[in-house]
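Novice: Starting from the known structure of chain A, fit chains B and C onto it as the hints suggest.
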Amino acid sequence: MSFLSKLVTLFGLILLTHAGYSAHEHTILFNNTRLALPHDIIVETLVAVVIVSIGLVLGAEKLKPISWRDWAGQIERDGGARNPYLGLEERYGFWDIRNWTYREPVLAVALWLCSGVSCICVEHALTISQAKRQEFADWMRGQDLPAKQ
Amino acid sequence: MAPTKQELSLLINPLVPEAVQHNNRVLSSLHSLTAFLLGLSAGILALQSATGFAFYFLGTVLVSGLFHLALIQRSSGAGAGAFFPGSNAGEIEGSVAMGKDGVVRMDLVDSSKKRGGFVLRKGAWRDVWFGGGVLSEALSGFVLGWTGVGGVLR
Amino acid sequence: MGAPANIREINGSDLISALHLAQQAPAILGPNPTKATTSTSGTAEEYSQLEQLFLACLRTGDDQSAQACLDRLSHRFGPANERVMGLRGLYQEATAKDRAALEKCREEYEKILSESPVNVPIMKRRVALLRSLDRPTDAIAALIQLLDALPTDAEAWCELADLYQSQGLGSQAIFSLEEALLIAPNAWNIHARLGELLYVSSSAPDSDASRLGSKSVQHFCRSIELCDDYLRGFYGLILATSRMLENGQADERPSDPTVAPRKTLDQLKRFGLQRLGEIVESRSVDDQHWASSRSELIAAKELLNRFASS
Numbered sequence: 002m003s004f005l006s007k008l009v010t011l012f013g014l015i016l017l018t019h020a021g022y023s024a025h026e027h028t029i030l031f032n033n034t035r036l037a038l039p040h041d042i043i044v045e046t047l048v049a050v051v052i053v054s055i056g057l058v059l060g061a062e063k064l065k066p067i068s069w070r071d072w073a074g075q076i077e078r079d080g081g082a083r084n085p086y087l088g089l090e091e092r093y094g095f096w097d098i099r100n101w102t103y104r105e106p107v108l109a110v111a112l113w114l115c116s117g118v119s120c121i122c123v124e125h126a127l128t129i130s131q132a133k134r135q136e137f138a139d140w141m142r143g144q145d146l147p148a149k150q
Numbered sequence: 008m009a010p011t012k013q014e015l016s017l018l019i020n021p022l023v024p025e026a027v028q029h030n031n032r033v034l035s036s037l038h039s040l041t042a043f044l045l046g047l048s049a050g051i052l053a054l055q056s057a058t059g060f061a062f063y064f065l066g067t068v069l070v071s072g073l074f075h076l077a078l079i080q081r082s083s084g085a086g087a088g089a090f091f092p093g094s095n096a097g098e099i100e101g102s103v104a105m106g107k108d109g110v111v112r113m114d115l116v117d118s119s120k121k122r123g124g125f126v127l128r129k130g131a132w133r134d135v136w137f138g139g140g141v142l143s144e145a146l147s148g149f150v151l152g153w154t155g156v157g158g159v160l161r
Numbered sequence: 004m005g006a007p008a009n010i011r012e013i014n015g016s017d018l019i020s021a022l023h024l025a026q027q028a029p030a031i032l033g034p035n036p037t038k039a040t041t042s043t044s045g046t047a048e049e050y051s052q053l054e055q056l057f058l059a060c061l062r063t064g065d066d067q068s069a070q071a072c073l074d075r076l077s078h079r080f081g082p083a084n085e086r087v088m089g090l091r092g093l094y095q096e097a098t099a100k101d102r103a104a105l106e107k108c109r110e111e112y113e114k115i116l117s118e119s120p121v122n123v124p125i126m127k128r129r130v131a132l133l134r135s136l137d138r139p140t141d142a143i144a145a146l147i148q149l150l151d152a153l154p155t156d157a158e159a160w161c162e163l164a165d166l167y168q169s170q171g172l173g174s175q176a177i178f179s180l181e182e183a184l185l186i187a188p189n190a191w192n193i194h195a196r197l198g199e200l201l202y203v204s205s206s207a208p209d210s211d212a213s214r215l216g217s218k219s220v221q222h223f224c225r226s227i228e229l230c231d232d233y234l235r236g237f238y239g240l241i242l243a244t245s246r247m248l249e250n251g252q253a254d255e256r257p258s259d260p261t262v263a264p265r266k267t268l269d270q271l272k273r274f275g276l277q278r279l280g281e282i283v284e285s286r287s288v289d290d291q292h293w294a295s296s297r298s299e300l301i302a303a304k305e306l307l308n309r310f311a312s313s
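Residue numbers (our numbering), protein chains in the order written: chain A, 2 to 150; chain B, 8 to 161; chain C, 4 to 313.
If we strip away everything but chain A, and leave its shape as in the complex, we get (with noise of 0.2 Å):
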């Protein structure tokens, strides 16, 4: 809820309470139910439950789309990360943890085929490919990248 729409919504809700402390007030003054209320006071009702409308529409959690596509799409403009399908091209439960590859080089083998195309993320996929396990420990250690927060 942004601070607009709860600034909208309390100025309602504030409102709201005054016309029924006012009809409250009415009530026991006259001591008569059958008696109408004044016009301020029904005035004052309408407009706080459409200004108190207005800040809650605004104030709903953002919609989702719902299309498969739409909602793909949005993952892979994240990074991918959160695909659930990761997993099958991932596929940890057969990972060979001696020998692993860098991310399976995707484009690598359909760049392969085209001739012609100097492409440095095929040597760099293909190089890291190789790399063994503790070959990797030693060059990340020997790097100090600096730690992502």
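Derived by calculation from the structure, the hints in this document are not laboratory data. One thing to keep in mind: the hints can contain errors.
Below, a list of computed lysine to any residue pairs in the SDA-like style, where the Cα atoms sit at most 20 Å apart [what the hints assert, rightly or not]:
| no. | chain 1 | residue 1 | chain 2 | residue 2 |
| --- | --- | --- | --- | --- |
| 1 | A | Lys7 | A | Val51 |
| 2 | C | Lys100 | A | Arg99 |
| 3 | A | Lys63 | B | Ala85 |
| 4 | A | Lys65 | B | Leu22 |
| 5 | A | Lys65 | B | Arg81 |
| 6 | A | Lys65 | B | Leu73 |
| 7 | A | Lys65 | B | Arg32 |
| 8 | A | Lys65 | B | Asn31 |
| 9 | C | Lys100 | A | Asp97 |
| 10 | A | Lys63 | A | Val9 |
| 11 | A | Lys65 | B | Pro24 |
| 12 | C | Lys107 | A | Asp97 |
| 13 | A | Lys63 | B | Val23 |
| 14 | A | Lys63 | B | Ser82 |
| 15 | A | Lys65 | B | Ser35 |
| 16 | A | Lys63 | B | Leu76 |
| 17 | A | Lys63 | B | Arg81 |
| 18 | C | Lys272 | C | Arg309 |
| 19 | A | Lys65 | A | Gln75 |
| 20 | C | Lys100 | C | Glu110 |
| 21 | A | Lys65 | B | Leu76 |
Label-pair ranges, simulated between beta-carbon atoms [what the hints assert, rightly or not]:
| no. | chain 1 | residue 1 | chain 2 | residue 2 | range |
| --- | --- | --- | --- | --- | --- |
| 22 | A | Gly88 | B | Leu142 | 39 to 45 Å |
| 23 | A | Pro85 | B | Pro10 | 21 to 27 Å |
| 24 | B | Arg32 | C | Pro208 | 52 to 58 Å |
Negatives, chain A to chain C, calculated, CB over 10 Å [said to hold, decoys possible]:
| no. | residue |
| --- | --- |
| 25 | Ser3 |
| 26 | Phe4 |
| 27 | Leu5 |
| 28 | Leu16 |
| 29 | Tyr22 |
| 30 | His25 |
| 31 | Glu26 |
| 32 | Leu30 |
| 33 | Leu59 |
These numbers were taken from a predicted model, which means no experiment stands behind them. We treat Cβ as the ideally placed atom computed from N, Cα and C, and that holds for glycine.
Specialist: Chains B and C only, in chain A's frame:
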């Protein structure tokens, strides 16, 4: 038996159940909150019997209208069809049909000037206006607020 | 457990993020990682995070923290839990000194399997170990045995496809991926993967190139249909359509109704190029967000340049 239009729609353009649930939850929580609020004001106004219910329906229409406006504005014109599955649970607007050769052809609604490229669900506006427990939980919330305040004030 | 909030966002395949996760291991495990926590409570979420941490530690060679994670997991679920057994096997494989030790691991798996033949995690470990020991034929046999017992395991079908592909058996690999797609019909990355396999197979000399190529185009299209702005899908679509166009496999009026006519292919190619250009443009703006898939982006740029210059 040939698959129905709804089945084909879901096959070609699946729904995300999580998102559908989330949207329904948002909608019903909005409706129950506002219904309780409408109940409070109906109590303050000392409305009775049919007038009270008429007030409730007017108020709900107001809230749904506001919600629909906000929704169209936020989704840059796609409308309710992008967020709610609609009365036929996911059937898309436009024509989807399987030909004799087993090839499925799909034509989206062709008002391309305004909403070309969006996949919209048929009858989704009904979810916004009548869904979210307007006639069940929200109504009981309304009655609770109505009688409660009416009893205290008078 | 003071797990960082972004632990779920970490892409398991990404080396850098795996290392970051492993670096946080001491903080997550607490000051005394060797002593297992006395409480057996905790949500399923926490334990799946612990499993992730275990994998990350093993991967980066932090065996001590991995051992601590494993101790906690087996303390909670008991050492006889199938999943914990699988993880323990993984740990033993990782810390095995030589080939003999690995063979010992394999014998252990065989022993466990003779007692409980459908212990799925151990079956999977056995397949992986056989593959790691350069015995792909045995690995395939073991995997088929697994799939006989459990035909609805999409992960196993994908692994089978990968194994077949590594042995140069393209059509079997394609069949296996199609089986996986029957189980997970909306998996856009598997559609793209199948498209890639078909694309590779269609380049083999003695193949029905036009049919395979057109199937590959279809699967790339489906992956794009299931996932908006899917870079990998567009990339494959452009490659597949342009090769079909160049090799003269596209007819104006193909006799086979499942093969797309030339005009459609041409439209698809132009559409793909246009969208890929838009994607590349939008993504290179906020580059740090794309650290994990930068190589894909570079490849896409290369492809666009190639088509722009020709």
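Novice: Now tell me, hint by hint, if it's right for this structure.
Specialist: Going through the hints against the structure:
1. A:Lys7 to A:Val51: The hint holds at about 14 Å.
2. C:Lys100 to A:Arg99: holds (10 Å)
3. A:Lys63 to B:Ala85: Measuring from Cα to Cα gives roughly 15 Å; hence the hint holds.
4. A:Lys65 to B:Leu22: Distance of about 11 Å is within 20 Å: holds.
5. A:Lys65 to B:Arg81: At roughly 11 Å apart (the allowed maximum being 20 Å), Arg81 (chain B) and Lys65 (chain A) satisfy the hint.
6. A:Lys65 to B:Leu73: holds (18 Å)
7. A:Lys65 to B:Arg32: Distance ~11 Å between Lys65 (chain A) and Arg32 (chain B) Cα, so the pair holds.
8. A:Lys65 to B:Asn31: Holds: Lys65 (chain A) and Asn31 (chain B) sit about 10 Å apart, inside 20 Å.
9. C:Lys100 to A:Asp97: Holds: Lys100 (chain C) and Asp97 (chain A) sit about 15 Å apart, inside 20 Å.
10. A:Lys63 to A:Val9: holds (18 Å)
11. A:Lys65 to B:Pro24: At roughly 11 Å apart (the allowed maximum being 20 Å), Pro24 (chain B) and Lys65 (chain A) satisfy the hint.
12. C:Lys107 to A:Asp97: It holds: about 16 Å lies between the C-alpha atoms, which stays within 20 Å.
13. A:Lys63 to B:Val23: Cα-Cα ~16 Å, so holds.
14. A:Lys63 to B:Ser82: holds (10 Å)
15. A:Lys65 to B:Ser35: Satisfied, since the Cα-Cα distance of roughly 15 Å is no more than 20 Å.
16. A:Lys63 to B:Leu76: Judged against 20 Å, a Cα distance of about 14 Å means the pair holds.
17. A:Lys63 to B:Arg81: holds (9 Å)
18. C:Lys272 to C:Arg309: Holds. Lys272 (chain C) to Arg309 (chain C) sits at ~14 Å (cutoff 20 Å).
19. A:Lys65 to A:Gln75: holds (11 Å)
20. C:Lys100 to C:Glu110: holds (16 Å)
21. A:Lys65 to B:Leu76: holds (16 Å)
22. A:Gly88 to B:Leu142: 39 to 45 Å: For Gly88 (chain A) and Leu142 (chain B) the Cβ distance comes to about 42 Å; the hint holds.
23. A:Pro85 to B:Pro10: 21 to 27 Å: holds (25 Å)
24. B:Arg32 to C:Pro208: 52 to 58 Å: holds (57 Å)
25. Ser3: Nearest chain C Cβ is 22 Å from Ser3 (chain A), so the label holds.
26. Phe4: Per Cβ check, Phe4 (chain A) is outside 10 Å of chain C; nearest 23 Å; holds.
27. Leu5: holds (27 Å)
28. Leu16: Consistent with the label, Leu16 (chain A) stays out of reach of chain C, its closest Cβ about 39 Å off (over 10 Å).
29. Tyr22: Holds, since 44 Å exceeds 10 Å.
30. His25: The claim stands: His25 (chain A) keeps its Cβ more than 10 Å from every Cβ of chain C (closest is about 47 Å).
31. Glu26: holds (50 Å)
32. Leu30: For Leu30 (chain A), whose nearest Cβ neighbour in chain C is about 56 Å away, the distance exceeds 10 Å, so it holds.
33. Leu59: The claim stands: Leu59 (chain A) keeps its Cβ more than 10 Å from every Cβ of chain C (closest is about 27 Å).
In terms of the numbered hints stated before, the structure departs from none.
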